[in-house]
Amino acid sequence: MSLAVTGAPALTAEDVRRLYVAHAAELRLTIARLAAPGMDLDDVLQEVFVVALQRTSELARVQSARAWLFGVAAKLTATRRRTFRLRSWLGLDDVGEPSSAESPSRTVEQKEASRQVQEALASLSEAKRQVFVLFELQGLPGEDIAAALGIPLKTVWSRLFYARKDFQEAVARQEKQESFRSREGGRHG
Amino acid sequence: MADAPRPRPWKDAPPSDPAEARAAELVAHAARVPPRQVDVARGWDGVIERATKQPRGRPVSALAAVATLLLVVVAGELFVRRGVFGGAPSFVAAAETRWHRDGDEGVVLESGRLEVSRPHGKVVLRTAHVTVVAVNARFLADTTRAATLVEVYEGEVVVRREGAEVAMVAGERRTWPDELPVPAALVLPRTPPERCTDDLGPDRRACLWNQGEAPGLVAQAALFELGLFELGEGNNASAEAAWRRSLDRFPDGVLAPEVRLSLLGELTRARRFQEAVQIAKDFERLSAADPRLAEVKRFRAELEEMASLGVEPRR
Numbered sequence: 001m002s003l004a005v006t007g008a009p010a011l012t013a014e015d016v017r018r019l020y021v022a023h024a025a026e027l028r029l030t031i032a033r034l035a036a037p038g039m040d041l042d043d044v045l046q047e048v049f050v051v052a053l054q055r056t057s058e059l060a061r062v063q064s065a066r067a068w069l070f071g072v073a074a075k076l077t078a079t080r081r082r083t084f085r086l087r088s089w090l091g092l093d094d095v096g097e098p099s100s101a102e103s104p105s106r107t108v109e110q111k112e113a114s115r116q117v118q119e120a121l122a123s124l125s126e127a128k129r130q131v132f133v134l135f136e137l138q139g140l141p142g143e144d145i146a147a148a149l150g151i152p153l154k155t156v157w158s159r160l161f162y163a164r165k166d167f168q169e170a171v172a173r174q175e176k177q178e179s180f181r182s183r184e185g186g187r188h189g
Numbered sequence: 190m191a192d193a194p195r196p197r198p199w200k201d202a203p204p205s206d207p208a209e210a211r212a213a214e215l216v217a218h219a220a221r222v223p224p225r226q227v228d229v230a231r232g233w234d235g236v237i238e239r240a241t242k243q244p245r246g247r248p249v250s251a252l253a254a255v256a257t258l259l260l261v262v263v264a265g266e267l268f269v270r271r272g273v274f275g276g277a278p279s280f281v282a283a284a285e286t287r288w289h290r291d292g293d294e295g296v297v298l299e300s301g302r303l304e305v306s307r308p309h310g311k312v313v314l315r316t317a318h319v320t321v322v323a324v325n326a327r328f329l330a331d332t333t334r335a336a337t338l339v340e341v342y343e344g345e346v347v348v349r350r351e352g353a354e355v356a357m358v359a360g361e362r363r364t365w366p367d368e369l370p371v372p373a374a375l376v377l378p379r380t381p382p383e384r385c386t387d388d389l390g391p392d393r394r395a396c397l398w399n400q401g402e403a404p405g406l407v408a409q410a411a412l413f414e415l416g417l418f419e420l421g422e423g424n425n426a427s428a429e430a431a432w433r434r435s436l437d438r439f440p441d442g443v444l445a446p447e448v449r450l451s452l453l454g455e456l457t458r459a460r461r462f463q464e465a466v467q468i469a470k471d472f473e474r475l476s477a478a479d480p481r482l483a484e485v486k487r488f489r490a491e492l493e494e495m496a497s498l499g500v501e502p503r504r
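Keeping their order, the protein sequence lines are chains A and B. First residue of the first sequence: 1, per the working numbering; consecutive thereafter. First residue of the second sequence: 190, per the working numbering; consecutive thereafter.
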């Protein structure tokens, strides 16, 4: 399914501002899940909406503005991520303190789960990470993900299949290591 | 994969395999974490500021960094000397908008939509219809040949027109002028029908309704006159009903052009510009030989501009 429909007039800046009000927080969280640690989340978020302001005609024609914004966020984050480490190493980008995109009101259980999820996501390839985050964590339908990332629906499902497999293995590895560390800690303590 | 069942998110359909279920459990917990709220006003200002600037250059060498630093110093010096500390105003223009800057604070909008923002300073925007003075505010101006719409998003603005001033605060939206005079060439003289004369008093309405059910020209004349009568009594809705009834029964009737022009006038006075546009289009289509055609066409263009500004109908 395509996100595109025809005949809609271009959005105004105010329309885009309303999208910002509605989706900025969840987009920032998604960017955090897709980004490398230390990347400037607000900078990427701003750029997503700069793109939206530049492409108001395209945005007016899509079926789901939310999915379109997620697609732009995913692509921008991927581009930034590719150059971020090299630029940081060369001293061209400041690596900031990891800024949390999650609400301070999260429970201890949620906080721990987020940490583990973030670590496991880091082991996924860019393409698999995008599909996994948008489907499992943001709850976007497969059709919207396909349109947002510009890939066929079948590719979404196949990437999801392998992303789940990789993610599951990463979690298993993490838990094995943590269990080993706690056993070692107990022996030495 | 084509025939495989459609995947469902782990949080909605937890897997049965223990290893997969553990991963799904973590994802379900993480998916329920609410996002941290963002500072909308500050964040959006940043977007607008960035959208109105050229893309930032990235330093690629020490030489470039030094050159950039020098430029910043010189630019900063210039800004200090000129006393421009309020931050430059930013503008976001819709496609095909015609506008230009007029000095440090001024901007002239000839046609189209322009969003203006200056969080710490003054901006004076002029159109053919109004002058908008904004201090520490963000607003939208949308101007056509017929009128200018002003909508305030943040802060407060003062709108000047013909010697009068109106203050508007965030959330307000108004149009100047918000009325459109009906051209004299399209205003019809009153011609009472032969029967149902004024001397019938209160029975005149019933007489006209009865005649309106008759066939042919008698009915057309009666319904047309009934509309004028109701209008005179202040019953605008009844007048419209009589004229619409006439057009339903006699869309090509002899009096249909007169009825359409009467309806056009009333819809315009009621600021129901979209409906007035439709009536004007019907007139143009069905009365192509009418000598008032050119005037109707010209007036329709103005009505369309007013309709595009989304002016509220008169209550």
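Rather than coming from a laboratory, the hints here were simulated on the basis of the structure. What you are looking at is a predicted structure, and each value in this text was computed from that prediction instead of being measured. Treat the hints with caution; some may be incorrect.
Stated by the list, open to error - Across the chosen pairs, the derived CB separations fall in these ranges: (1) B:E501 / A:V108: 16 to 24 Å; (2) A:T83 / B:K486: 18 to 26 Å; (3) B:E345 / A:R173: 23 to 31 Å.
Stated by the list, open to error - Taking lysine-lysine pairs in the PhoX-like style, the calculated list, with each CA pair at most 20 Å apart, reads: (4) A:K165 / A:K154; (5) B:K200 / A:K111; (6) A:K165 / A:K176; (7) B:K200 / A:K165; (8) B:K470 / B:K486.
Said to hold, decoys possible - Here's a subset of chain B near chain A, in silico, CB distances under 10 Å, partners left out: (9) P203; (10) P204; (11) V216; (12) H218; (13) V222; (14) V281; (15) R334; (16) E345; (17) V347; (18) E351; (19) F439; (20) L498.
Think of the CB as a built atom: it goes at the ideal place given N, C-alpha and C, for glycine as much as any other residue.
Here is how each hint holds up against the structure:
1. B:E501 / A:V108: 16 to 24 Å: violated (52 Å)
2. A:T83 / B:K486: 18 to 26 Å: violated (58 Å)
3. B:E345 / A:R173: 23 to 31 Å: Between E345 of chain B and R173 of chain A, where Cβ atoms are some 59 Å apart, the hint is violated.
4. A:K165 / A:K154: It holds: about 17 Å lies between the C-alpha atoms, which stays within 20 Å.
5. B:K200 / A:K111: Holds: K200 of chain B and K111 of chain A sit about 17 Å apart, inside 20 Å.
6. A:K165 / A:K176: holds (17 Å)
7. B:K200 / A:K165: Answer holds: K200 of chain B to K165 of chain A is near 16 Å, not above 20 Å.
8. B:K470 / B:K486: holds (8 Å)
9. P203: With a minimum Cβ separation of about 12 Å from chain A (threshold 10 Å), the hint on P203 of chain B is violated.
10. P204: holds (9 Å)
11. V216: At about 5 Å, which falls below the 10 Å cut-off, the nearest Cβ of chain A leaves the hint on V216 of chain B intact, so it holds.
12. H218: Since the shortest Cβ distance to chain A is 3 Å, the answer is holds.
13. V222: holds (5 Å)
14. V281: This interface hint holds because 4 Å falls under the 10 Å limit.
15. R334: At about 19 Å, which exceeds the 10 Å cut-off, the nearest Cβ of chain A leaves the hint on R334 of chain B violated.
16. E345: violated (17 Å)
17. V347: violated (21 Å)
18. E351: violated (28 Å)
19. F439: violated (35 Å)
20. L498: It is violated, given that the least Cβ distance between L498 of chain B and chain A is near 13 Å, above 10 Å.
Hints 1, 2, 3, 9, 15, 16, 17, 18, 19, 20 from the earlier list are contradicted by this structure; the remaining hints agree with it.
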